[in-house]
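Engineer: Below are the chains, spelled out letter by letter.
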Amino acid sequence: MYISHLWERQCLCCCVNSVSLSIPLPHSLSVSGIIAKELSSLEQEIQELRASGTTLSSEPEFEMADIMYFCRRGVESIVDDEVTKRFSAQELESWNLLTRSNFNARHISLRLSVLWGLGLFIRYSFLLPLRVTLAASGIGLLVVLTTIVGFIPSGWTYLSEKIHLMSYRICVRSLTAIITYHNSENKPKNGGICVANHTTPIDVIILANDGCYSMVGQIHGGLIGVVQRAMVKSSPHIWFERSEVKDRHLVAERLSNHVADKTKHPILIFPEGTCINNTSVMMFKKGSFEIGCTVYPVAIKYDPRFGDAFWNSSKFGMVNYLLRMMSSWAIVCSVWYLPPMSREEGEDAVQFANRVKAAIATQGGLVDLLWDGGLKRGKVKNTFKEEQQKLYSKSSINATGWPLK
Amino acid sequence: MGSRASTLLREEEIEEIKKETGFSHSQITRLYSRFTSLDKGENGTLSREDFQRIPELAINPLGDRIINAFFPEGEDQVNFRGFMRTLAHFRPIEDNEKNKDPIASEPLNSRSNKLLFAFRLYDLDRDDKISRDELLQVLRMMVGVNISDEQLGSIADRTIQEADQNGDNSISFNEFIKVGNFLIFCIFGNMNYYLT
Chain A
0 MYISHLWERQ CLCCCVNSVS LSIPLPHSLS VSGIIAKELS SLEQEIQELR ASGTTLSSEP
60 EFEMADIMYF CRRGVESIVD DEVTKRFSAQ ELESWNLLTR SNFNARHISL RLSVLWGLGL
120 FIRYSFLLPL RVTLAASGIG LLVVLTTIVG FIPSGWTYLS EKIHLMSYRI CVRSLTAIIT
180 YHNSENKPKN GGICVANHTT PIDVIILAND GCYSMVGQIH GGLIGVVQRA MVKSSPHIWF
240 ERSEVKDRHL VAERLSNHVA DKTKHPILIF PEGTCINNTS VMMFKKGSFE IGCTVYPVAI
300 KYDPRFGDAF WNSSKFGMVN YLLRMMSSWA IVCSVWYLPP MSREEGEDAV QFANRVKAAI
360 ATQGGLVDLL WDGGLKRGKV KNTFKEEQQK LYSKSSINAT GWPLK
Chain B
0 MGSRASTLLR EEEIEEIKKE TGFSHSQITR LYSRFTSLDK GENGTLSRED FQRIPELAIN
60 PLGDRIINAF FPEGEDQVNF RGFMRTLAHF RPIEDNEKNK DPIASEPLNS RSNKLLFAFR
120 LYDLDRDDKI SRDELLQVLR MMVGVNISDE QLGSIADRTI QEADQNGDNS ISFNEFIKVG
180 NFLIFCIFGN MNYYLT
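The listed protein sequences derive, respectively, from chains A and B.
If you're matching positions, the first sequence starts at 0 in numbering that gives the first Met the number 0 and goes up one per residue.
If you're matching positions, the second sequence starts at 0 in numbering that gives the first Met the number 0 and goes up one per residue.
Calculated directly from the structure, the hints in this document are not laboratory data.
Some hints here could point you the wrong way.
[As the list claims (entries may be wrong)] Derived EDC-like pairs (lysine to aspartate or glutamate); straight-line CA-CA distance at most 16 Å:
1. A:Lys-375 to B:Asp-38
2. A:Lys-84 to B:Glu-55
3. A:Lys-84 to B:Asp-49
4. A:Lys-375 to A:Asp-80
5. A:Lys-314 to B:Glu-161
6. A:Lys-380 to B:Glu-55
7. A:Lys-375 to B:Asp-163
8. B:Lys-17 to B:Asp-38
9. B:Lys-128 to B:Asp-167
10. A:Lys-375 to B:Asp-49
11. A:Lys-393 to A:Asp-80
12. A:Lys-378 to B:Glu-161
13. B:Lys-17 to B:Glu-41
14. A:Lys-188 to A:Asp-209
15. A:Lys-186 to A:Asp-209
16. B:Lys-39 to B:Asp-49
17. A:Lys-378 to B:Glu-41
18. A:Lys-285 to A:Glu-252
19. B:Lys-128 to B:Asp-163
20. A:Lys-285 to A:Asp-209
21. A:Lys-263 to A:Glu-160
22. A:Lys-188 to A:Asp-260
23. A:Lys-84 to A:Asp-347
24. A:Lys-84 to B:Asp-167
25. A:Lys-300 to A:Asp-367
26. A:Lys-314 to B:Asp-63
27. A:Lys-284 to A:Asp-246
28. A:Lys-284 to A:Asp-347
29. A:Lys-378 to B:Asp-167
30. A:Lys-384 to B:Glu-133
31. A:Lys-393 to A:Glu-60
32. A:Lys-378 to B:Asp-163
33. A:Lys-375 to B:Glu-161
34. A:Lys-384 to B:Asp-63
35. A:Lys-389 to A:Glu-160
From a predicted model like this one, the values you see are computed outputs, not experimental measurements.
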């Protein structure tokens, strides 16, 4: 009864492939890829080319067939690449009765359509209005109460914490988010930075439901701006003006000052810088890892069967996205608090960031990618191409002592 | 159900593509979703920019040439048929195809068609000859700035010397086939698909 994409995992045995290196595929590729990519490096493949060649010379020389390495890699990436599929919703193995998850919408059977229609009715006429009301009251309470507490002289942080937690709990209920927190003993403490993988703006609500954090971000106009300004009256969040965002020193300074003060809550940062679709973790920006305080990694994994939580900002605006969230079945997710990490001797910020990223990816069952999330909107830098060219020149053409005929 | 109905592939089209390229039904539908996900303009065709949006292809030194191979002469858009036709060159040769009716036209993924594909990566002006300049161009794309002009020139000269048999200082398709190891094209010209 399901519309399912059945990926059969038989590799087509190619009679000629006996020469290629057969490297076992990592788990991630075998689950969702179209083609079986072999993960040998440029040097290894060029050596293969040479080994099965007819030249007797032991020195590396150019062969006309060398283009085939790049050619195959290129066509493989056209058929299936690791990056572009991270910026759109994850495909499901079986349908969850939401039209939005169904990429090949076609009529399968009457019973399924009736079920779908019933689901639609329940979701839009019952669940959605209920949730919208709850959300509105949650946000309204947050704004009103934090403003009131702001008038009370300092020392009422206890009250402020309670208010924040209460409003977030209402918001979480309004989304019907069913959250499981694991390893709460590792919850972030004051004077540290909490880093997590970013899928949606709702990540903030999900984490803030269980503890108090200081948010970092850009001040917006409109309703969000009102909420931001209200929040900062009762507890120290770090909001930046648009012009200040580019100034990295200013940002680092404010963050350092905040963590130095042990009475302030841990800072919540999403180092990817953009929303990714929860199948992978992309490059972490090193800014927050340069500050030198304890980092508390958190892994968040959504269950895509109940509703797709990913915010595709190029496709949907915020309001549209929230409506879609509130008309899904539910948002089911798991949050793992990982043991705190600090920068080790001899490790620079980038290596530290990668270490944290690997820990989060392993815990959440996500693919660990080195690619920058900024590729959602921007072009890839030319330096990567130049690296490939350099590697090829070194391994396949003997650049020194070339025998001239 | 939903606005995607207009972008669905019709059964007849799938059958035609199957006959032309030899891909199976499930492979074709899977590659169709890939095609539509690359097609940001949602107009049923891909442009060169759509391909260049793939980061792994953008950093490939031969990326531009590979993209070029998808576009028919002088055109800027490729539709799904054209897309599949080019991909068909990389389909592995299967055992059950070897005993096919010899009168039927050669399949797209035959050895000589794979070699022709590679030949055309070099031969930009499609005059059926790889001149010294064309060879140099491809070499330069692959090595970037890491090798000097003179060295590159001598590599090109040596390659042409080895391959050229009729003395016209360029490499024709027949000379190309004999150069080096054409078995390599078959090994590297194959991609293993998970679907059958």
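Engineer: If a hint holds in the structure, say so; if it does not, say that too.
Structural biologist: Verification of the supplied hints:
Only pairs whose Cα atoms come within 16 Å are accepted, and Lys-375 of chain A paired with Asp-38 of chain B is accepted, the gap being roughly 15 Å. In summary, the hint linking Lys-84 of chain A to Glu-55 of chain B is supported, as the alpha carbons are separated by about 12 Å, within the 16 Å threshold. Pair hint Lys-84 of chain A plus Asp-49 of chain B holds up; C-alpha atoms about 14 Å apart against a cutoff of 16 Å. For the hint linking Lys-375 of chain A to Asp-80 of chain A, the alpha-carbon distance of about 13 Å falls within 16 Å, and the restraint holds.
As the CA atoms of Lys-314 of chain A and Glu-161 of chain B are separated by approximately 55 Å, the hinted pair breaks the 16 Å bound. Note on Lys-380 of chain A and Glu-55 of chain B: the hinted pairing holds, with a Cα-Cα distance of about 11 Å set against a maximum of 16 Å. For a cut-off of 16 Å, the pair hint linking Lys-375 of chain A to Asp-163 of chain B is broken: about 47 Å separates their Cα positions. For the given pair, Lys-17 of chain B sits about 22 Å from Asp-38 of chain B by alpha-carbon distance, which is inconsistent with the 16 Å threshold.
The straight-line distance between the Cα atoms of Lys-128 of chain B and Asp-167 of chain B is roughly 10 Å, inside the 16 Å bound, and the hint therefore holds. Proposed proximity of Lys-375 of chain A and Asp-49 of chain B is supported: the alpha carbons are some 13 Å apart, at most 16 Å. Distance hint between Lys-393 of chain A and Asp-80 of chain A is unfulfilled; the C-alpha atoms sit about 26 Å from each other, more than 16 Å. At most 16 Å may separate the alpha-carbon atoms for a hinted pair to count; Lys-378 of chain A and Glu-161 of chain B exceed this at roughly 40 Å.
Taking the CA atoms of Lys-17 of chain B and Glu-41 of chain B, the gap is near 24 Å; set against the 16 Å cutoff, the hint is violated. Distance check on the hinted pair: Lys-188 of chain A and Asp-209 of chain A sit about 12 Å apart at the alpha-carbon level, within 16 Å; holds. The hinted pair formed by Lys-186 of chain A and Asp-209 of chain A meets the criterion: a straight-line CA distance of about 9 Å does not exceed 16 Å. Annotation: proposed proximity of Lys-39 of chain B to Asp-49 of chain B holds, straight-line Cα distance about 7 Å (limit 16 Å).
A hinted pair counts as satisfied when its Cα atoms are at most 16 Å apart, and Lys-378 of chain A with Glu-41 of chain B does not qualify at roughly 21 Å. With a C-alpha separation of about 15 Å, the suggested pair Lys-285 of chain A and Glu-252 of chain A falls inside the 16 Å cut-off, and the hint holds. Note on Lys-128 of chain B and Asp-163 of chain B: the hinted pairing holds, with a Cα-Cα distance of about 11 Å set against a maximum of 16 Å. This hinted pair does not check out: Lys-285 of chain A and Asp-209 of chain A have alpha carbons roughly 26 Å apart, beyond 16 Å.
Using a Cα cut-off of 16 Å, the hinted pair Lys-263 of chain A and Glu-160 of chain A holds, with the two alpha carbons roughly 11 Å apart. A hinted pair counts as satisfied when its Cα atoms are at most 16 Å apart, and Lys-188 of chain A with Asp-260 of chain A qualifies at roughly 12 Å. Proposed proximity of Lys-84 of chain A and Asp-347 of chain A is contradicted: the alpha carbons are some 30 Å apart, above 16 Å. Note on Lys-84 of chain A and Asp-167 of chain B: the hinted pairing is violated, with a Cα-Cα distance of about 48 Å set against a maximum of 16 Å.
Of the supplied pair hints, the one linking Lys-300 of chain A and Asp-367 of chain A holds, its CA atoms being roughly 14 Å apart against a limit of 16 Å. With a C-alpha separation of about 28 Å, the suggested pair Lys-314 of chain A and Asp-63 of chain B falls outside the 16 Å cut-off, and the hint is violated. Between the alpha carbons of Lys-284 of chain A and Asp-246 of chain A the distance comes to roughly 15 Å, so the proposed pair stays at or under 16 Å and holds. Only pairs whose Cα atoms come within 16 Å are accepted, and Lys-284 of chain A paired with Asp-347 of chain A is accepted, the gap being roughly 13 Å.
Between Lys-378 of chain A and Asp-167 of chain B the CA atoms are separated by roughly 42 Å; this puts the pair beyond 16 Å, and the hint is violated. Simply put, Lys-384 of chain A and Glu-133 of chain B have alpha-carbon atoms about 21 Å apart, too far for the 16 Å limit, and the pair is violated. A C-alpha spacing of about 10 Å is found between Lys-393 of chain A and Glu-60 of chain A, which places the hinted pair at or below 16 Å, so the restraint holds. Our distance criterion of 16 Å between C-alpha atoms is broken by Lys-378 of chain A and Asp-163 of chain B, whose separation comes to about 41 Å.
The straight-line distance between the Cα atoms of Lys-375 of chain A and Glu-161 of chain B is roughly 46 Å, outside the 16 Å bound, and the hint therefore fails. As the CA atoms of Lys-384 of chain A and Asp-63 of chain B are separated by approximately 12 Å, the hinted pair is consistent with the 16 Å bound. Between Lys-389 of chain A and Glu-160 of chain A, the direct Cα distance comes to roughly 55 Å. Violation of the 16 Å bound is thereby established for this hinted pair.
Hint violations for this structure: numbers 5, 7, 8, 11, 12, 13, 17, 20, 23, 24, 26, 29, 30, 32, 33 and 35, all remaining hints satisfied.
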